[in-house]
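Chain by chain, the residues run as shown.
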Amino acid sequence: MPLLYDLLIGPFAEFDFMRRALVGVFALSVSGAPVGVFLMLRRMSLTGDAMAHAILPGAALGYLVAGFSLPAMTLGGLVAGFTVALAAGAVARLTVLKEDASLAAFYLISLALGVTLVSLRGSAVDLFHVLFGNVLALDDDVLILLSGVASLTLGVLALAYRPLVLECVDPGFLRSVSRSGGFVHLTFLGLVVINLVAGFHALGTLLAVGLMMLPAAAARFWTADITRLILLASGFGMASGYIGLVASYAAGSNLPAGPAIILAAGALYLGSLLLGSQGGLARRLLPRAHLQR
Amino acid sequence: MLNRRSVLLSLAAGAALPLPVFAQEKLPVVASFSVLGDFVREIGGERVSVTTLVGPDGDAHVYSPTPADAKTVAGAKLVVVNGLKFEGWLSRLVKSSGTKAMVATATTGITPLKLADDHGHGHGGEDPHAWQSVANAKIYVGNVRDALVAADPAGKAVYEANAAAYQTKLDALEAEIKATVARIPVDRRKAITSHDAFGYFVKAYGIAFIAPQGVSTEAEASAKDVARIIRQIKAEKVPAVFLENITNPRLAEQIARESGAKIGGRLYSDALSAESGPAGTYIAMMKHNISQIEKALVAGPA
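These protein sequence lines map, in sequence, to chains L and V. The first sequence stops at residue 371 when you use this note's numbering, and every number in between is there. The second sequence stops at residue 304 when you use this note's numbering, and every number in between is there.
Keep in mind the hints are simulated off the structure, nothing from the lab. Zero decoy hints are in this set.
Derived CB-CB ranges, DEER-like:
#, chain 1, residue 1, chain 2, residue 2, range
1, L, E92, V, A137, 37 to 47 Å
2, L, A168, V, A237, 51 to 61 Å
3, V, A301, L, E92, 24 to 34 Å
4, L, L85, V, A177, 46 to 56 Å
5, V, K239, L, G357, 52 to 62 Å
6, V, K73, L, T265, 45 to 55 Å
7, L, L85, V, P187, 38 to 48 Å
8, V, G111, L, A179, 58 to 68 Å
9, V, E178, L, S229, 52 to 62 Å
10, L, A329, V, G279, 30 to 40 Å
11, V, K73, L, L186, 20 to 30 Å
12, L, L186, V, T182, 51 to 61 Å
13, V, Q234, L, L353, 41 to 51 Å
14, L, L124, V, E178, 55 to 65 Å
Partner residues are not named here, just some residues of chain V that face chain L (Cβ under 8 Å, in silico):
#, residue
15, V228
16, A229
17, Q256
All C-beta atoms in this analysis are idealised placements derived from N, C-alpha and C, irrespective of residue type, glycine included.
Just chain L, same shape as in the assembly (with noise of 0.2 Å):
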């Protein structure tokens, strides 16, 4: 028992930066988790990728302002993320490309702005602190950004929840009965955007999407009730990031806490996959009843 408590507790008990990653991560599940089964749902699954890749020039530009600043580079993220959603959004709107190739040129655009920005300084490891943020190392600041966003996006999702949810399972419905789908689409993608800039501060720009999309796309597997999958979601991205720091503290030098909390999100995935009760692997490859689902 000493031994199972020393492997899943006791790093916790020993030390703060354990809990603080802990709790960062679970703020970062509790909001980044339903968000990502939104955009799993509306078939935007690779929306969150692309997002990620747009917000990183604006947290570049904030790091060679002010240097390793936490409000310099959550503003120029959250401002590169909403240029990139808002142009994308217009130029669909008002053209005759559609929405994925107008955010994919745009963020393409703002990718390639991005790395220009870092070379200007002359080096590229600041880059890294961008790309990979470092989960063993939030200060106050960054937890009270973390779960800030977490209520924020909790209270925003409880008051759009019908017309989402409208918007995924029948969007030509919604448009018919009120005039809210593109401004609930905005709001929406403000979500993802604020959300993908708290989580590149734990755990950078790219890993931050993993924890949104993976728990979400595992979830899939087990029940197609949206709150349920909601709720799932945010169960498997905790669930990771408690292993995931588990496994980064059991393992010594070799596995850094960011890549093993996704890993572990992962393996839930491909655990899922493979025995989901909803269309899992191994369900469909055992016989079942004739005519029964």
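Using the hints provided, position chain V relative to the given structure of chain L.
Frame of chain L, contents of chain V only:
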């Protein structure tokens, strides 16, 4: 000099080495990073024009070269590198630029330190940060001088005079550092820094540095690494934690907060600061570092 032979060999390999067309024209020299650039400037003086690829505060471990760098290298007569796999990207750059420049390795003749804890990444077992000991810096200077003489024999007298004058300054620097260390109580001669670039410094001057990250800045610290450091600070009562000029400052702050050690000033390890900064030259960097170390170790809590 140990390194004469290697310089001669590279001379022979480079076949007919083109001499500067006009005696007045400055010898174009490329140095891979700021510390080497400073050495070349000290010894070359007026006769050379030095370009440093990785500038002040840059990280040579993970630098990615630009086309302008390739052009610079292509136009150079001499490329000075640290060696010991410090700038792994440079050999490719030298090849791809098609330069006819002679490549001189500044660490030739230095006995490299083995890395105690090799994770299978980074520098392949040898610590490249050899300039952190002044005795090694003197070998660097000898190598740079010989390389300059080989590339520009007409300036032999100037280079030798400059190098001799600079070696005298380095001797004074070495004495100053040793005197400072002697003032720090023996049981306080230990500190934490977020970058393990002080292996040679530790060996030469007897101040222990414990690092939360592997020797290369490419590796991210695992939870276990950070936990080990915090335990060690508490157990051994390490007085101070130093931020390094190019790795994540938040991590060092977290460790200081959690362990109660004092946060010392900025130490410069892999790169000089901008010229106006506190570590604009090699000598200024070493003086700055030792004074920051003394301040933090003497003042920190028990």
